[in-house]
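**Q** Start from the sequences, fold in the hints, and give me the full structure.
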Amino acid sequence: MRVLGDLESTIMDRMWSYRRPASVRDVLEDLRRDREIAYTTVMTVMDKLHKKGLLRRQALGKAYIYEPVLTKEAFTAQQMRETLANSGNQAATLVHFLERLTPEESAALEAALRVYPPRGLGS
Amino acid sequence: MIAGVLAVYAVLATTLLPRLLIRARWADRAPRLAITLWLAACTSAIASAALSAVAAAIPPDAIGHSLASLIEACFAMLDDGVDLGTMSAGSWLVLLSGGLVVARAAYGVGAVMFTAWRERRRHAEMLRILGRRDHELDAIVLEYGEPLAYCLPGRQAKTVVTTAALQALTPEHLAAVLAHERAHLRGRHHLVLALADGLDRAFPGVPLFSRAKEEVVRLVELRADDVAAHRHPRVHIAAALVSLATGRAPAFALGAGGENALTRVRRMLRPAVPLGQREKLAGVTAVGVLLAGPAVVMLFPGLTALIAHHCHDLFVF
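Top line first, the protein sequences correspond to chains S and L.
Counting along the first sequence from 1, when you hit position 53 you're at 672 in the numbering used here, and nothing is skipped either side.
Counting along the second sequence from 1, when you hit position 266 you're at 802 in the numbering used here, and nothing is skipped either side.
If you are wondering where the hints come from, they were derived from the structure by calculation, not from laboratory data.
One should not assume that every hint holds.
With a straight-line Cα cutoff of 25 Å, these simulated SDA-like cross-link-like pairs (lysine to any residue) come out [stated by the list, open to error]:
| no. | chain 1 | residue 1 | chain 2 | residue 2 |
| --- | --- | --- | --- | --- |
| 1 | S | 671 | S | 688 |
| 2 | S | 670 | L | 700 |
| 3 | S | 670 | S | 633 |
| 4 | S | 691 | L | 662 |
| 5 | S | 667 | L | 660 |
| 6 | S | 691 | S | 647 |
| 7 | S | 670 | S | 689 |
| 8 | S | 671 | L | 657 |
| 9 | S | 691 | L | 663 |
| 10 | S | 691 | L | 561 |
| 11 | S | 671 | S | 721 |
| 12 | S | 681 | S | 701 |
| 13 | S | 670 | L | 655 |
| 14 | S | 667 | L | 655 |
| 15 | S | 671 | L | 668 |
| 16 | S | 667 | L | 664 |
| 17 | S | 671 | L | 561 |
| 18 | S | 671 | S | 648 |
| 19 | S | 671 | L | 816 |
| 20 | S | 691 | L | 679 |
| 21 | S | 667 | L | 820 |
| 22 | L | 816 | L | 561 |
| 23 | S | 691 | S | 651 |
| 24 | S | 670 | S | 658 |
| 25 | S | 667 | S | 701 |
| 26 | S | 691 | L | 700 |
| 27 | S | 670 | L | 657 |
| 28 | S | 671 | L | 643 |
| 29 | S | 691 | L | 681 |
Facing chain L, a subset of chain S residues (Cβ under 7 Å, in silico) [said to hold, decoys possible]:
| no. | residue |
| --- | --- |
| 30 | 627 |
| 31 | 628 |
| 32 | 631 |
| 33 | 702 |
Where is the CB? At the ideal position from N, CA and C, for every residue including glycine.
**A** See below:
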């Protein structure tokens, strides 16, 4: 399970790096440069990634060609927005280091920080 | 009588107690004690409401005589179908409402915990695909333009920092931030928050629970700052806080506004005197009274009877 999870991450990274659609065969050949891996394994993982909504696919002859639904940046942004939007009950999910200061406030605080010399541990 | 006292106490605890607790100036100096006090107040209110129902449902003479007969009566009610059958409809109704209060509280907290667990799992899955494990930092680094640091509690707890946060912070400041996040994880703050959040959802609009939630959300941050300050200079925590809180896109200004950030930075720069022994003792006593209070009131007649009985024995011998 753990290994499959890592493989999902590896395959997504490869897919994002191609910047063009790729078939299971393409990805397999790419991965085989680093390790021994079976066609069916790659196919299974890519099918899973498709079901999870990360890859979209199109039939081309007998096989599918795959392509990331979103760029890595867009996908990260979407995921983070969702996570943070859910955290109206921030409480339960994630504890955020998510404070916000206005420019005036932070300017004042930065001035205060310059006045305070570090006084060693725990001081 | 007992039922009445407990019911009045429950009402006062949910309405007046939060006003009293919110005024406690010392809370920011001892956030952990303050969190405990808020949670004890919540538990106390629910326990008194439930016990009030039990007291109203069991026959008064059972409570009146002695502790032994009270316990006997309770057991009889629990495992004797015949006895239950003889209970009046009113008693049933009262007992049922007491049970409902407890069930509602348990359901509220359970639901929050479940949702949180599911969201955490989803987020962990996303991190597995997008994140990069940094062994030196012992954290997951996420390529992202917003400076964020947070933790994902649970069995496989994770600390997460975004690349933007790495750029915004010096190594010392980053270490302080990570210590803050690990303090959340080690302190099991997500459970504390789930409890406060769950009760607020179970009984919306009840002043005690809504205030408790707001305060607990704020206080766990102060507590994590304090824990981080054991190992890191306070000024680093303050500086990190300012760097991370500055220039944040409005979409990411959730929950706490600038007010809490200001309090936190000021606390780090100008540490308040920790509570003295006497103040601490007073706080711990208050927690004890809140937790034990309802049960003591419930058992009061029984206890006095028991003591009277023993004293009588003492006189005899």
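**Q** All hints, please: hold or fail.
**A** Against the structure, the hints:
no., hint, verdict
1, 671(S) x 688(S), "11 Å, holds"
2, 670(S) x 700(L), "31 Å, violated"
3, 670(S) x 633(S), "18 Å, holds"
4, 691(S) x 662(L), "11 Å, holds"
5, 667(S) x 660(L), "17 Å, holds"
6, 691(S) x 647(S), "21 Å, holds"
7, 670(S) x 689(S), "14 Å, holds"
8, 671(S) x 657(L), "14 Å, holds"
9, 691(S) x 663(L), "12 Å, holds"
10, 691(S) x 561(L), "47 Å, violated"
11, 671(S) x 721(S), "39 Å, violated"
12, 681(S) x 701(S), "37 Å, violated"
13, 670(S) x 655(L), "19 Å, holds"
14, 667(S) x 655(L), "20 Å, holds"
15, 671(S) x 668(L), "20 Å, holds"
16, 667(S) x 664(L), "15 Å, holds"
17, 671(S) x 561(L), "50 Å, violated"
18, 671(S) x 648(S), "23 Å, holds"
19, 671(S) x 816(L), "52 Å, violated"
20, 691(S) x 679(L), "9 Å, holds"
21, 667(S) x 820(L), "53 Å, violated"
22, 816(L) x 561(L), "13 Å, holds"
23, 691(S) x 651(S), "23 Å, holds"
24, 670(S) x 658(S), "18 Å, holds"
25, 667(S) x 701(S), "21 Å, holds"
26, 691(S) x 700(L), "16 Å, holds"
27, 670(S) x 657(L), "17 Å, holds"
28, 671(S) x 643(L), "31 Å, violated"
29, 691(S) x 681(L), "12 Å, holds"
30, 627, "6 Å, holds"
31, 628, "5 Å, holds"
32, 631, "5 Å, holds"
33, 702, "5 Å, holds"
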